[in-house]
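S.K.: Whenever a hint applies, use it, and build me the whole structure from the sequences.
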Amino acid sequence: MTEHHRSGPRRPGRPRAGPPRTDPPRTAWRTVRPWLVRAGVTVAVVVAYFLLPLDHLGPRRPVLSWVLFALALTVVAVLLLRQIRHVFTNRPDSRPGAVLSLLIVLTVHIFSATYYALAKHEGEFVGLSTRVDALYFTIVTLATVGYGDITPSGQAARIVTVLQITYSFVFLTAAATALAQRLRDMVVRRTERDRRG
Numbered sequence: 145m146t147e148h149h150r151s152g153p154r155r156p157g158r159p160r161a162g163p164p165r166t167d168p169p170r171t172a173w174r175t176v177r178p179w180l181v182r183a184g185v186t187v188a189v190v191v192a193y194f195l196l197p198l199d200h201l202g203p204r205r206p207v208l209s210w211v212l213f214a215l216a217l218t219v220v221a222v223l224l225l226r227q228i229r230h231v232f233t234n235r236p237d238s239r240p241g242a243v244l245s246l247l248i249v250l251t252v253h254i255f256s257a258t259y260y261a262l263a264k265h266e267g268e269f270v271g272l273s274t275r276v277d278a279l280y281f282t283i284v285t286l287a288t289v290g291y292g293d294i295t296p297s298g299q300a301a302r303i304v305t306v307l308q309i310t311y312s313f314v315f316l317t318a319a320a321t322a323l324a325q326r327l328r329d330m331v332v333r334r335t336e337r338d339r340r341g
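Take any residue in the sequence shown, note its place counting from 1, add 144, and you have its number in the working numbering.
These are computed hints drawn from the structure, not numbers from a lab.
Beta-carbon label-pair distances, calculated as ranges:
{"no.": "1", "residue 1": "Asp329", "residue 2": "Thr288", "range": "24 to 34 Å"}
{"no.": "2", "residue 1": "Asp199", "residue 2": "Arg340", "range": "52 to 62 Å"}
{"no.": "3", "residue 1": "Asp329", "residue 2": "Asp293", "range": "34 to 44 Å"}
Being a predicted model, the structure only gives us computed values, none of them experimental. For every residue, glycine included, the Cβ atom is placed at its ideal position computed from N, Cα and C.
M.R.: What follows is the structure, encoded as structure tokens:
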């Protein structure tokens, strides 16, 4: 008996059954993984901010405090500029969107730690005594919203506040612009891909 007779006649108009279609493996994981990594690093930065021994800086080690502050801001600025360049040169092998957002979070916490250490100096701040106060003041300054409940009264505190405003205006504004450009490019590419598909 031939194969045709064993399997029965093929019904006209009905395609032969084949193996079920499967999506590429780990597609969902590849989509979710960058967001999980971003969330994990953000949580790690926040936890580190509240757990690091910042009380040992400030008046106890003023030189070390300023060196760490300057070094941290310099490293973040270099990394921000590098990621911004990746956005505008459209490098396919980079993920500047994820890195830029994390660097912005890191910048906020660097300034918060600096304000907290400065508050240990008598007369530098009015109304700032805890890490939450420092984080709150940093975000309020970043958003250019002045409530007046925390004020930098010392010269060093005012210099760092002016530096934060300038740093945010130059680097963080450029980073936010690059992030917006990256999102627009992603939307355009996805729209074109959907049209072709």
